[in-house]
Amino acid sequence: MLAWTIYISFGGALLCALAGKRAAFARWLALLAALATCVVTLVSLPHLQAGTWATVVRVPWLPSLGIEYHLAADGISVVLLLLTGIAAVAGILFSWNIDHRTNEFFAFYLALIGGVYGVFLSADLFLFFVFYEIAIVPKYFLIAIWGSTRREYGAMKLALYSFIGSAMVLVGLIAAYAVSGAHSTDMVTLAQAHYPAGFAFFVFPLVFTGFAVLAGMWPFHSWAPTGHVAAPTAASMLLAGVVMKLGAYGCLRVAMMMLPDGLAPWAHSVLWLTSWRDVFALLATIGIVYGATLALVQRDFKFVIGYSSVSHMGFVLLGLMSLTTVGINGAVLQMFSHGVIAGLLFAVVGRMVYARTHTRDLDALAPMQLARAIPFAAVTFVLAGMASIGLPGFSGFPAELQVLLGAWHADPVMTLCAGLGIIIGVAYTWRAMQRSFFGEPAAAGAAPASLPPITFPERAGAVLLLACTLAVGLYPRLLMQWITPAVASPLFDGLRKVAGQ
Amino acid sequence: MNLSAIDWSALFHATLPETALEVTALLVLIVDIAFLRRTSHWLRFRAAGILSFLGILFAAVCILSTQPITVMADGMVAISPAGKVVELGLLAITALCLFFTFDEDFTDHVGEFVALMLFATIGGMLMATTLHLLVIFLSLELLSLSLYILTAFNKRSIQSSEAALKYFLFGGMSAAMLLFGFSLFYGIADSCNVFQIRAVIDNAPAQDLHLFILATLMVVLGFGFKVAAAPLHWWAPDVYQGAPAPAAMFIGSASKLASFYLFWNLLPANLALPLLVILAAVSMLWGNLAALAQTNVRRLLGYSAIAHSGYILLAFLGNGDATRSLLPALIFYVLTYSIAVIGAFAIASIVERETGSSDLANFAGLSKRSPLTAFCLLIFVLSMAGIPPLAGFFAKFNLFALFWQQQPGLWWLVALAIAMSAVSLFYYLQVLKHAYVVEPAETAAAPAAQSASMLTRFVLLLCALVVIVLGCNPQPLLGLLNHALNGMF
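Sequence lines, in order, name chains X and H.
Under my numbering, the residues of the first sequence are numbered 1 to 501, in order.
Under my numbering, the residues of the second sequence are numbered 502 to 990, in order.
Derived from the structure by calculation, the hints contain no laboratory data.
Even for Gly, the Cβ is constructed at its ideal location relative to N, Cα and C.
Be aware that a few hints might be false.
[Claimed, not checked] Among the chain H residues that face chain X by a calculated CB cut under 8 Å, a handful are:
| hint | residue |
| --- | --- |
| 1 | Pro890 |
| 2 | Val915 |
| 3 | Ala920 |
| 4 | Leu926 |
| 5 | Tyr937 |
| 6 | Asn983 |
So here's chain X without its partners, still in its complex pose:
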C-alpha cells in the first residue's frame, strides 16, 4: 500500500509532463497527487508497527547481483513520509502562482517527491541509492529554470555538491557490496555482514560525509544557502523541508546502521578527538554556531533562513552523533520539526514577501511596514519564528531539548556551544522579524506599501504547516510513539554496542 506513494508521485509527474500548456490542470493534478500520497500514508498507518522494519514490497530485481526491489517502513520512515506528504502539499499550495512552464514545474516537482518517498521507503541499499539520485536531478531544473538570484550558479553548485556526496556514497556502497561478499545489497544483510578490520574506519566517514553533505554539515554546507536563495519558493521549501532530511536519514539509516563499528573509539586520539563520533559531533556543533552567526549578519532575508537551516540541521547531526537513544529520538523529531518550520519560513519570505515586494533586502523591506500591509504574513512569520527559536508549544522545543539532553551525556562542552547557537538563533530571528515586518516608516505617518492581499492557497498552506508544528509541539507523543520504538529496535543494536549502553 505504502508503495503507492512512489507510484502516484511518478505517475503524476508523467501526467503533468504530458499536460502541455494546460496550467490549471497541472496545478490541480499535482495537488491531488500530493494529497493522495498523504492519504495513502495515513491509511496505511494502522497496518504498521513502529518497532519493526516491516516489508512493504519485496521482489527480486537483479538476481545476478542479488539486488532486490525491497521497500519497508518503520517508525522513522513513517515520520519522514508524513513530513514529505505535508511538505509536498504545502509546497504546491505556495506555488499556485507559477505560470511560467507550469506543467514542467509540477512534473519536476512530483518527480522529486517520488524520489524522496522512495528513499524513505527503501530497504535495499542499491534501491536507496537509485531513488536518492532520482531526487537530485529535478532539484537542478527546479532551481535553474524557476529560480531567482543567481539561479544557474546556485543550481549548479547544489547539483555538484549533491553528486559529489552521492559519489562518496556510491564508493561506499560498492565497497560494502564487494568486500562483504554477501551477494546482496539488502541493508540488514549488509549491516550483519562481517567486514575486515579497519574497513568501517575508512568507509564509515566516507558514507557519512557523503550523506551529510546533503544534510548541510559544515564545512560542506555552502550549497545550502545559495541553493535556497536561488530556488523558487516551493523548491526552497522542499530543499529545506525534505531534501536535507534525505541526507540526515541516509546518515542514520545507511552509515550508522550499516557500519556502526566506524564509530568505535580509535586506538590513538588525535588532538582531543577519540573517534569519528567526536569529529562529526564537532562539525555539527560548529555548523550550529556558524550557521546561526552568519544568519545574524545577512542582509538578504532568504539568506537568514538559509543559514538558519544549516544551524538547525546541525542539531540533527549532533543528535545522531550523541549515540544516545534520547539524542537520536530528538534528531528524528528535529528532522520533522525543521522540515515544517523551515518550509513555513521560506514560504513567508519567498512567496508572501518576495513575490509581492520583489526585494528581500532587509533594509529595503523595513520602510514598507509589512506588518500593516500584509498582516497575515506577519502573524505567520512571528509564529514560525517562535517555533524556530524553540519556544515550548512548538515542535522545535521537544526536538532540540532531546538533542541537547542526549548530547549532554556524550559531551557537555559541545552541548553548551549548541545552546549558544540557540541563543544566537533568538537574536537573528528577532532581528529579521523586526527589520522586515516592523520597520519604521520612511516618513512619520507614511502609509504602508500597498500590496496584493494574501491568497487563499497561501493561507491554507500556512495554516497546514502551523497546525503541524503546533500539534507536535503540544503533543509530541504523536510522533514519539513512532520514533521511540523504531530507534529502540534491534536494527540499531550495533550503535548501542559501540556507545557502550
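Starting from the known structure of chain X, arrange chain H on it as the hints suggest.
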C-alpha cells in the same frame, strides 16, 4: 597450412553473414548509382537504408542459426557465442546509425556512404569471429579504412577533412605498431593463432618474457588508439566534431564494440596489466577534465567518449581466470553506451541542421522548440552521466562492483572512476542547461523549421525508452549476456 584440409562449404556457411552484407553493400552501390542518381537525398538515403536493413536482417538470421565453431582453418574462423552476441550488437548498431542518415543531405554520394558503412560493419564482424593474427589485422584495416573515408565524407566541411587526415595519420601509425607487435608474437610463438600464442606465453620461462612484453606493449598502443584511450586519443575530439553525424555515431559505438571485444580476446591480460591501469586512469582524468572546457557538444561528446573508454578499460584488469566474468559487464556497458551516444549525436545533428552548428549555445531553447527531442537528450545525457534509473548507471555499477570484487587491490581505480563521474556531471549538465534552462539569444536567427522527420523522432524516442527500460530492468539483457558469454571457449 594445408589448404585441402579446409572444409570450404563449412567455411562458406560460417562466413555467410559477412558475405550477405558484402552483397548488400554492392547492391546498394549499384541501385543508387544506376537508378537513383538524379533523385532526391530523401529517396536515396531511404532506398539505401532499406536495402541495408534487409541485408542486416538476413545476416542476423544467419548468425542466429549458425552453430558456434571452435576453430576452423588455423583459427581464421572461430565463432564463439560471445562473438555471435557482438556480431548481433554490431548489426543492430549499424541499423540504428543508418536510420539516422535518413534526414541527412551532406553528400551526393549516398550509395558510397552507406556501402562504406556496411564494409566497416563487415570489418567489425570479422574481428569478432577470428583468432588469427593476419585476419585480425586485415579486418581491423577494413574497419579503419572505411572509417577514415566516412570521416572525410562531408566535402563541404573543412573540419571533416581535417579530422579525417588526423584520424588517418594516427591510425596509420597505430596500425604499424600493431603490425610490429603481431610480427613479434608470430616470431616468438611460430603461430598466428591467438590461442597457441597464449599457450606459449603461459609456458615461457620468465627470462624469455621481455619480447612478449614488447609485443604486448605495441599491441596495447595500437589498441589504445582504436578505442581512443588517453594519451592516444588525439584524433577523437576532432573526428567526433568534424565527421558527418552518422559516421561519428558509428565510430563512437560500433567501432568501439568491435575493438573492445577483439582486444579482450587478444591481450594477454597479465602482461598488459600495468600499462592498462595507466591508460584507464589517464583516460578518466583527461577525458573528463578536458570535456569541462568544451563549448561544442560534439567535441564534448568526443572527450566524454575518452572518459568512457577509461571506465570500460576496468573490464580488462580482472584477476586471471575470473576475468571472464567481466565480459558480460563490458558488453553491457558498451551496448548501452552506444545507444546513448548514437541518440546524442542524432540530436546534435538535428540541432546542427536547424541552427547551423552544434555549439552549446545553439541548444538554447531546445525544450521549447521540440520538447520530445529535449526529453530524449535528457535521457541520453543522464544515462552517459550514470544517473539511475538509466541504463548507463547500471552498466557502471555492475562493472565497478564486479571489478572491485576481483581486484580489491585496485579499488582506487573504482574510486577514481566514480569521482570522475561526479565531475562529468558538470559538463553533462551544461548540455542540459542549454537545452532546458537558457533562453535563446534574441540575436540568434530563428531556427529552421523542424528538420527531423516523424520517423527520426520516433526512433529517438524508442532509443530513449530502451535506455530507460534497460536501466529499470537490466536483468533480461544481462542474463542473456551472462548465459551467452559464460559458455564460450
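Now for the hints, and whether the structure bears them out:
Of the supplied interface hints, the one on H/Pro890 holds, with its beta-carbon coming within about 5 Å of a beta-carbon of chain X, less than 8 Å. The beta carbon of H/Val915 is positioned within 8 Å of a beta carbon in chain X (closest approach about 6 Å), and the interface hint is therefore held. A cut of 8 Å between beta carbons decides the hint on H/Ala920: the least distance to chain X is about 6 Å, and the hint holds. For H/Leu926, the interface hint holds, the least distance from its beta-carbon to any beta-carbon of chain X being 5 Å, beneath 8 Å.
A cut of 8 Å between beta carbons decides the hint on H/Tyr937: the least distance to chain X is about 6 Å, and the hint holds. For H/Asn983, the interface hint holds, since its Cβ comes within 8 Å of a Cβ in chain X; the closest pair sits about 6 Å apart.
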